[in-house]
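Using the sequences and the hints given, assemble the complete structure.
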Amino acid sequence: MSSRGICDRVAVIGMGCTPFAEHWDLSLDDLIIDAAHAAYRSAGIAQDDIDAFWFGTSQSAASGLALAGPLKIKGKPVTRVENYCATGSEALRQACYAVASGAYDTAMALGAEKVKDGGYQGLNALPIPTDGTQRTLTAAAMFSLMLPVYADRYGVDPDELRYAAARIASKNHHNGARNPRAQFRREMSAEQICEMPAVAGMLSVFDCAGVADGAAAAIVCRAEDAHRWCPNPLYVKGLALVAGTGAGSLDPGYDYTTMPECAQAAAEAYAQAGVTEPRSQLALAEVHDCFTPTELVLMEDLGFSPRGTAWRDVLDGVFDLDGELPVNADGGLKSFGHPVGASGLRMLYEVWLQLRGEAPAERRIPDTGRTLGLTHNLGGYPGEIVSFVGIFGTGTGPPT
Amino acid sequence: MRGVISAAGYVPYHRLDRSEITAFFGSGGGTGTRAVASYDEDTTTMGQAAADLALRSTHVEPEALWFATSAPAYLEKTNAAAIHAALRLDPTVGALDFGGAVRSGIGALRTALAGRGSTLVVAADTRDGLPTGADEAAAGDGAAAALVGDDSAAPVLAEYLGGASRTLEVTERWRTPEGTRSRNWEERFGTHVLGPAAADAWRAALANSGLDGADVDHLALAGLNSRAVASALKAIGVSAGILVDSLLDTVGNTAAAHPALLLCSALEQASPGETVAVVALVDGAEAVILRATDALADHRPVAPVSEQVAAGGSVSYGRFLTWRNMVDVEPPNRPPPNRPSSSAAHRRADWKYGFTGSRDRPSQMVHLPPARVSEKGGAVDDMDPAPMAHATGTVASFTVDRLAYSPSPPTVFAIVDFDGGGRAPLELTDVDAGEVHAGMRVVPTFRRLYTADDIHNYFWKARPVRSEPAVP
Numbered sequence: 001m002s003s004r005g006i007c008d009r010v011a012v013i014g015m016g017c018t019p020f021a022e023h024w025d026l027s028l029d030d031l032i033i034d035a036a037h038a039a040y041r042s043a044g045i046a047q048d049d050i051d052a053f054w055f056g057t058s059q060s061a062a063s064g065l066a067l068a069g070p071l072k073i074k075g076k077p078v079t080r081v082e083n084y085c086a087t088g089s090e091a092l093r094q095a096c097y098a099v100a101s102g103a104y105d106t107a108m109a110l111g112a113e114k115v116k117d118g119g120y121q122g123l124n125a126l127p128i129p130t131d132g133t134q135r136t137l138t139a140a141a142m143f144s145l146m147l148p149v150y151a152d153r154y155g156v157d158p159d160e161l162r163y164a165a166a167r168i169a170s171k172n173h174h175n176g177a178r179n180p181r182a183q184f185r186r187e188m189s190a191e192q193i194c195e196m197p198a199v200a201g202m203l204s205v206f207d208c209a210g211v212a213d214g215a216a217a218a219i220v221c222r223a224e225d226a227h228r229w230c231p232n233p234l235y236v237k238g239l240a241l242v243a244g245t246g247a248g249s250l251d252p253g254y255d256y257t258t259m260p261e262c263a264q265a266a267a268e269a270y271a272q273a274g275v276t277e278p279r280s281q282l283a284l285a286e287v288h289d290c291f292t293p294t295e296l297v298l299m300e301d302l303g304f305s306p307r308g309t310a311w312r313d314v315l316d317g318v319f320d321l322d323g324e325l326p327v328n329a330d331g332g333l334k335s336f337g338h339p340v341g342a343s344g345l346r347m348l349y350e351v352w353l354q355l356r357g358e359a360p361a362e363r364r365i366p367d368t369g370r371t372l373g374l375t376h377n378l379g380g381y382p383g384e385i386v387s388f389v390g391i392f393g394t395g396t397g398p399p400t
Numbered sequence: 001m002r003g004v005i006s007a008a009g010y011v012p013y014h015r016l017d018r019s020e021i022t023a024f025f026g027s028g029g030g031t032g033t034r035a036v037a038s039y040d041e042d043t044t045t046m047g048q049a050a051a052d053l054a055l056r057s058t059h060v061e062p063e064a065l066w067f068a069t070s071a072p073a074y075l076e077k078t079n080a081a082a083i084h085a086a087l088r089l090d091p092t093v094g095a096l097d098f099g100g101a102v103r104s105g106i107g108a109l110r111t112a113l114a115g116r117g118s119t120l121v122v123a124a125d126t127r128d129g130l131p132t133g134a135d136e137a138a139a140g141d142g143a144a145a146a147l148v149g150d151d152s153a154a155p156v157l158a159e160y161l162g163g164a165s166r167t168l169e170v171t172e173r174w175r176t177p178e179g180t181r182s183r184n185w186e187e188r189f190g191t192h193v194l195g196p197a198a199a200d201a202w203r204a205a206l207a208n209s210g211l212d213g214a215d216v217d218h219l220a221l222a223g224l225n226s227r228a229v230a231s232a233l234k235a236i237g238v239s240a241g242i243l244v245d246s247l248l249d250t251v252g253n254t255a256a257a258h259p260a261l262l263l264c265s266a267l268e269q270a271s272p273g274e275t276v277a278v279v280a281l282v283d284g285a286e287a288v289i290l291r292a293t294d295a296l297a298d299h300r301p302v303a304p305v306s307e308q309v310a311a312g313g314s315v316s317y318g319r320f321l322t323w324r325n326m327v328d329v330e331p332p333n334r335p336p337p338n339r340p341s342s343s344a345a346h347r348r349a350d351w352k353y354g355f356t357g358s359r360d361r362p363s364q365m366v367h368l369p370p371a372r373v374s375e376k377g378g379a380v381d382d383m384d385p386a387p388m389a390h391a392t393g394t395v396a397s398f399t400v401d402r403l404a405y406s407p408s409p410p411t412v413f414a415i416v417d418f419d420g421g422g423r424a425p426l427e428l429t430d431v432d433a434g435e436v437h438a439g440m441r442v443v444p445t446f447r448r449l450y451t452a453d454d455i456h457n458y459f460w461k462a463r464p465v466r467s468e469p470a471v472p
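Protein chains in written order, with my numbering: chain S, 1 to 400; chain V, 1 to 472.
I should point out that these hints are in silico values taken from the structure, not numbers from a laboratory. Some hints could be false.
To be verified - Listed below are several chain V residues computed to face chain S (Cβ distance under 8 Å; list not exhaustive):
| no. | residue |
| --- | --- |
| 1 | N338 |
| 2 | P369 |
| 3 | R372 |
| 4 | T399 |
| 5 | F413 |
To be verified - Not close to chain V: a few residues of chain S, all C-beta gaps over 10 Å, as computed:
| no. | residue |
| --- | --- |
| 6 | R4 |
| 7 | A52 |
| 8 | E160 |
| 9 | C230 |
| 10 | P252 |
| 11 | Y254 |
| 12 | D316 |
| 13 | T394 |
| 14 | G397 |
From the three backbone atoms N, C-alpha and C, an ideal C-beta is built for every residue, glycine too.
Right, here's the structure in full:
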């Protein structure tokens, strides 16, 4: 294993993020242009000064042409990437490594998704020709498998666990209500969520992330050049990606109370960044709360809570906006919805705002002196997941 | 000696209480129940289920597979080929469809009995009728299969003594290929022509068998014209006491499958040495006579028809009507599935139809679907086929999906861990969402997942272990 990471070699110098919404009046090109130019303004950089571009979109377009065309990027390398729901983070990862390699001085990662032109609620899979034996369950149903086994394995009362899951949604809605870029800005109590009819396993609609259109972009450069563009950049501390083999769907040893790919990606990112105690070293975490059980289990896979205890930490408010380790301070996928290609960069946008003191007062995380933030972005289903974990910080050198 | 080496019936799990029809419409219906193919079953899947049960009680491999139904899932394309694939028969086994006539069921059986080689005769039917009509209530869905051959490889359970046919060109019951219901001429006319034809065939079959009517111990009488059947019984002149239960009160009339289904039922009741006759009134009549051998005493059906009839769960009339496309209900607002790729399906036929994964030689890990590279150890192309269709599994976790597209929502879905290794995420069927629990025992079942672009997408689901003992 020789994954060395690129700690402190690349900096984020500017970001842009559109509101996430049902943008009936905006096209994919509109979203791309709005996010890109917001990022240019944020960094004070001209498009011509960016050397290479990575465009993350899952289903809205294909090839680099879809970014070069609307932005009129001339004579530059533009690459489209796709990695399920971790697509936005994948674009960032490619841009960072390209700069770290020395091939480019600056690069932009932009993720965008136009979901709401499909005519159906929810996300829908691409029609790839198959033998017809693939399951056709919704993602909600796949993630709903986790709660009953978790309750059973750890001896948690199913009703109490269900309430803990609802409390995760309630927390994220509380935060999202304080974010003008979020799609859903209404607070919901855990009790209200528990009373809703189940649509998949124990999960109600409010245990599921919404669907929205949106775009977000980050501009990165060599760390030593960062202050040319930005007085307070974010340094890339660790970038990890693990794609599973689908073992969980094959191996009776897998029990749906964990997502091993996420734990592996976290361990890798922590090693790159020198993080040893994530719960006490991170100022905030933006995680992939596609469904409430996902965030619950992630608290353990990311090392925030010991196994079997995340539900208790959730109930104790550990991950609340004013808690010990705020999780999804911007409202998460729960409040933003999930424009697939954009979500990973939207997570980074909140880390960008919070660590640099630019988040508005009503959702600012407590000042603990911590300088690191985490983004976690996954695609797939329990048992077969691609997971990204990124660590970002305001200073260089090992974490304090 | 030639005869039946093995035989099995298949009665689908669901039952419609006929009184529900009366309660809903104020007319139609009747007493008792009828068997109802689930929304994911058709004549091909039910035929496969019966054939599989028949083959499980013998080691004899058929040399041919003949499939008869009046409700073929496809025209032009051979439906028997899907059954053949799901049974994992050798490619040298010729699989043929008989035409869409109800008569083809008993006709295929008699032809096989009178022929040579080992032939797996499969008959299945799904029977429809317009709401409140006699066919809707009286009909039933089901299948039966008989492996017919000589006793060189295995003893026969029942020796074929003789048979006869009487063919009439008569438009007494008919349906065009695009028709959704059968039509009948006045029933009394059918009685007038079919009754005597049955008596003729009966006498000829007895003569061919060297028997007298009094020698017959069990008589299975089948026919869609119930008045003609009653009249035939009178004309044949045997005691009603030797009649095999017609299953009309419980299963309903399974048309092309019914003679073979009743034969299976009769063989479950017969003792060695007893004589069993099957007479079917259809476009004339067909008759076959067999005598149970000593081997029948040792024969234990995997799932006796009597047990399947006694089991079963109810289906509401509303759901029945939607399953039969009599009523369209609002589907979930999700895109309908795409048609499966024929070339991809062909490459993976042993998985898709045969439910065969692969077992890694070094680690013995079962891979479902089959894989070339081992999940444990990474060995490449070092696997053996792992047929799983007869494995029993346990539900490790499950969920009920009320959002997914399904021809009959909600989708009940489970992670199934099989005894002896192997895990597969599978849809559950023939199950009430409320009865599913972790630890529930399930077995694979061959079903039609959906149809897109007129392509039926067949694959395996899992159903609870109920009356059928788990056979490894």
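Results for each hint:
1. Interface restraint check: V/N338 against chain S, minimum CB-CB distance 5 Å, threshold 8 Å, status holds.
2. Satisfaction of the interface hint for V/P369 is found here, the shortest Cβ-Cβ separation to chain S being roughly 7 Å, below the 8 Å cut-off.
3. Taking 8 Å as the C-beta cut-off, the interface hint given for V/R372 is violated, the closest approach to chain S being about 13 Å.
4. Here the hint on V/T399 is kept, as its CB sits about 4 Å from the closest CB of chain S, short of 8 Å.
5. A distance limit of 8 Å between C-beta atoms decides the matter here; for V/F413 the minimum to chain S is near 5 Å, and the interface restraint holds.
6. The beta carbon of S/R4 is kept farther than 10 Å from every beta carbon of chain V, the shortest such distance being approximately 24 Å.
7. No beta-carbon of chain V is positioned within 10 Å of the beta-carbon of S/A52; the least distance is around 34 Å.
8. Distance check for S/E160 against chain V: the nearest CB is about 18 Å away, which clears 10 Å, and the non-interface claim stands.
9. For S/C230, the condition that its CB be more than 10 Å from all CB atoms of chain V holds, with the nearest at approximately 44 Å.
10. Non-interface call for S/P252 relative to chain V: violated, since the shortest CB-CB distance, roughly 4 Å, does not exceed 10 Å.
11. A beta-carbon of chain V is positioned within 10 Å of the beta-carbon of S/Y254; the least distance is around 8 Å.
12. Distance to chain V confirms S/D316 as a non-interface residue, since its nearest Cβ pair spans about 27 Å, more than 10 Å.
13. Annotated as non-interface, S/T394 keeps its C-beta farther than 10 Å from every C-beta of chain V; the closest such distance is 42 Å.
14. Taking the minimum C-beta to C-beta distance to chain V, about 39 Å, the non-interface status of S/G397 holds against the 10 Å cut.
Checked against the numbered hints listed earlier, the structure breaks hints 3, 10 and 11; every other hint is satisfied.
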